[in-house]
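If you're matching them up, the sequences are chains A and B in order.
Using UniProt numbering, read the first sequence as starting at 1 and increasing by one per residue.
Using UniProt numbering, read the second sequence as starting at 1 and increasing by one per residue.
Keep in mind that a hint or two might mislead.
Stated by the list, open to error - Derived CB-CB ranges, DEER-like: (1) F107/A with K121/B: 23 to 33 Å; (2) Y76/A with L199/B: 50 to 60 Å; (3) I163/B with Q136/A: 32 to 42 Å; (4) D42/A with K56/B: 20 to 30 Å; (5) M179/B with I192/A: 29 to 39 Å; (6) T79/B with P70/A: 19 to 29 Å; (7) V151/A with L62/B: 38 to 48 Å; (8) Q86/B with V151/A: 37 to 47 Å; (9) L134/A with T94/B: 29 to 39 Å; (10) T132/A with K56/B: 52 to 62 Å; (11) T94/B with Q155/A: 35 to 45 Å; (12) S212/B with G165/A: 50 to 60 Å; (13) S84/B with K80/A: 49 to 59 Å; (14) K145/B with V151/A: 24 to 34 Å.
Everything labelled a hint here was simulated from the structure, so no lab data went into it.
What you are looking at is a predicted structure, and each value in this text was computed from that prediction instead of being measured.
From the three backbone atoms N, C-alpha and C, an ideal C-beta is built for every residue, glycine too.
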Amino acid sequence: GLVWSFSTWLLVLVQVLLWGWARGSELTFELPDNAKQCFYEDITIGTKCTLEFQVVTGGHYDVDCRLEDPDGTVMYKEMKKQYDSFTFTAAKNGTYKFCFSNEFSTFTHKTVYFDFQVGEDPPLFPNENRVTALTQMESACVSIHEALKSVIDYQTHFRLREAQGRSRAEDLNTRVAFWSIGEAFILLVVSISQVVLLRSFFSDKKTTTTRVGS
Amino acid sequence: MRATASCVGLLLLFAWFSPSRALYFHIGETEKKCFIEEIPDETMVIGKYRTQLWDKQTGSFLPATPGLGMHVEIKDPDTKVILSRQYGSDGRFTFTSHTPGEHQICLHSNSTKMALFAGGKLRVHLDIQVGEHTNNYPEIAAKDKLTELQLRVRQLLDQVEQIQKEQNYQRYREERFRMTSESTNQRVLWWSIAQTIILIITAIWQMRHLKSFFEAKKLV
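Bound conformation, chain A alone (with noise of 0.2 Å):
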């Protein structure tokens, strides 16, 4: 049987749909070239918000990006960055757009990821009795929490730096099996052709040179 009341299972059942799950929304998607992409969200005033972007692959690892506000104010915009992450508190109830742009760029596709985070994460349990304080146990457990937090934050930076290394890399190794390959290739037809040509220059000459001797 229910070891709770029902209120209690209602109260669980709201918070759940109230905050449900983590508000963070973390995503990696490609930008073609010569393209932008917008993203949105509504905020309520007066919630912290974190976006943090990195360009993952393609071309010289940066990206354009613009913040603005409900009313259209550029919050935050930097042109060509690799990496930066962006504080804000929303000052204005609504719809809050970010948008990456590759327009700068030719012929680069890029992977963009980033992270996006609104308020503080919801509460773990809905207790109807929050005004006491947490013991010591439950307060070491939201430190080590918030500590894993963060430890999980630069896993993720991590993560990709190494991602970016490893296609540079890949692309290296790509690159120098054709160069040899056509290097080899080119040295051959140009010697034969070297000599082909030094040939066609001297059996031309031999008919006039005896013609003179004689």
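Once you have looked at the hints, place chain B on chain A.
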């Protein structure tokens, strides 16, 4: 009792259809949008989306469009399709990775019948949660009857497990990176030796050939 039960029922219904306050973006009706998730193996990913169609008459997005569906296709790092299903305009998809690496999640609408409303735009609300973010702690607490402290410790255990998996995956990737670098190193080494040999051989051949050619022409 009945009132509370029906209340719970209504709230559950509301939960399924409630507007999820997630990020949204716009895509063309026939456009395909892909997202990449680089994840270690045995990691669960839950994606929730909601689509709205642009209505030219009212000049706004319709709150709900029956008949509008989204096709979700998920490919694993070996580009093998692990999920390819059509959902309604509101949907939820789940998958667990079996190989570590870059998984690709692609969405596009089943818009052949919507071709009448040409040049349409779709607003897609998307929320993708990976690994330990997929756990619903209040639900876990209720199911396993955990106290607050036990729940917090459970959350910490999940986080640490996620970190462990990611570190394992990091080791596997670093190995791949090292193999690629060593292969490049080997290739450069062999190429420079081969090039030098080819160069010397062609130089010798050229000189010998030309010498015999000039001797035949009685110029030397």
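query: Honestly, do D42/A and K56/B meet the 20 to 30 Å range at C-beta?
result: holds, 23 Å
Pairwise beta carbon distance, T94/B to Q155/A, judged against the given window 35 to 45 Å: violated, 23 Å
query: That 29 to 39 Å hint for L134/A and T94/B (C-beta), does it hold up?
result: holds, 33 Å
field: C-beta pair M179/B, I192/A: status relative to the range 29 to 39 Å that was hinted
entry: holds, 37 Å
message: The hint says 19 to 29 Å between T79/B and P70/A; measuring C-beta to C-beta, is that right?
response: violated, 41 Å
task: Could you see if the CB distance from F107/A to K121/B stays within 23 to 33 Å?
output: holds, 27 Å
- prompt: Within 50 to 60 Å or not, the Cβ separation of S212/B and G165/A?
  reply: holds, 54 Å
- request: With respect to the beta-carbon atoms only, verify the hint that T132/A and K56/B lie 52 to 62 Å apart.
  value: With Cβ atoms ~56 Å apart, the hint holds.
message: Looking only at beta-carbon atoms, does the pair Q86/B, V151/A fall within the given range of 37 to 47 Å?
response: The hint (37 to 47 Å, Cβ to Cβ) holds, given that Q86/B and V151/A are roughly 39 Å apart.
message: Can you tell me whether the CB distance of Y76/A to L199/B sits inside 50 to 60 Å?
response: holds, 56 Å
Satisfaction of the hinted span 49 to 59 Å by the C-beta atoms belonging to S84/B and K80/A: violated, 38 Å
task: With respect to the beta-carbon atoms only, verify the hint that I163/B and Q136/A lie 32 to 42 Å apart.
output: violated, 24 Å
Checked against the numbered hints above, the structure breaks hints 3, 6, 11, 13 and satisfies the rest.
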